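Student: Per this note's numbering: the sequence shown = residues 2 to 67.
Worth flagging that the hints you see were computed from the coordinates, not collected in a lab.
The structure displayed is predicted, hence computed values, not measured ones.
Backbone N, C-alpha and C fix where the C-beta goes; we use that ideal spot for every residue, glycine too.
Hints are not guaranteed to be accurate.
What follows is a list of derived Cβ distance ranges for each label pair [stated by the list, open to error]: (1) 28 to 65: 29 to 39 Å; (2) 36 to 5: 29 to 39 Å; (3) 37 to 58: 22 to 32 Å; (4) 59 to 15: 11 to 21 Å; (5) 64 to 17: 15 to 25 Å; (6) 14 to 62: 18 to 28 Å; (7) 33 to 62: 35 to 45 Å; (8) 58 to 22: 15 to 25 Å; (9) 32 to 62: 30 to 40 Å; (10) 44 to 64: 24 to 34 Å; (11) 22 to 62: 26 to 36 Å; (12) 60 to 19: 15 to 25 Å; (13) 64 to 29: 30 to 40 Å; (14) 28 to 51: 18 to 28 Å.
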Amino acid sequence: MLYRKNLPTWERFARIFGAIVLTTCAFHYGRNAVGITFGVAAIGTVLTGLVGYCPFCRIGGRKGIA
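Please model the entire structure based on the sequences and the hints provided.
Tutor: As structure tokens, this is what we get:
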């Protein structure tokens, strides 16, 4: 892989659960600025949860996990 995973398994599950909550909020608010913002946040959150790598955590100094 081109990257080293920097999210533990429990945090990956928490991010996926958070993305489900954000998606629910996005559908609740619909096609306005708030709904679109929730939708974009959900996409980013679920991607980091599925892949196991967060670039912002890396910038913050979190090292990769074994």
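Student: Now tell me, hint by hint, if it's right for this structure.
Tutor: Taking the hints in turn, this is what the structure says about them:
Judged by the Cβ atoms, the range 29 to 39 Å given for residue 28 and residue 65 holds: they are separated by roughly 35 Å. A hinted range of 29 to 39 Å holds for the C-beta pair residue 36 and residue 5, which are about 35 Å apart. Range check, residue 37 to residue 58: Cβ separation about 25 Å, and the 22 to 32 Å hint holds. Range check, residue 59 to residue 15: about 18 Å between beta-carbon atoms, so the 11 to 21 Å window is met.
For residue 64 paired with residue 17, a C-beta distance near 22 Å keeps the hint of 15 to 25 Å intact. Separation of residue 14 from residue 62 is about 23 Å and conforms to the stated range, judged on CB atoms against 18 to 28 Å. Look at residue 33 against residue 62: about 37 Å separates their beta carbons, and that is inside 35 to 45 Å. The hinted range of 15 to 25 Å is satisfied by residue 58 and residue 22, whose Cβ atoms lie roughly 20 Å apart.
For residue 32 paired with residue 62, a C-beta distance near 38 Å keeps the hint of 30 to 40 Å intact. Here the CB-CB span from residue 44 to residue 64 is close to 26 Å, well matched to the stated 24 to 34 Å. At roughly 27 Å, the beta-carbon separation of residue 22 and residue 62 lies within the given 26 to 36 Å, and the hint holds. Distance hint for residue 60 and residue 19: a CB-CB separation of about 20 Å, consistent with the stated range 15 to 25 Å.
Evaluation of the 30 to 40 Å hint for residue 64 and residue 29 yields a pass: the beta carbon distance comes to about 37 Å. In this structure, residue 28 and residue 51 meet the distance hint of 18 to 28 Å, their C-beta atoms being roughly 20 Å apart.
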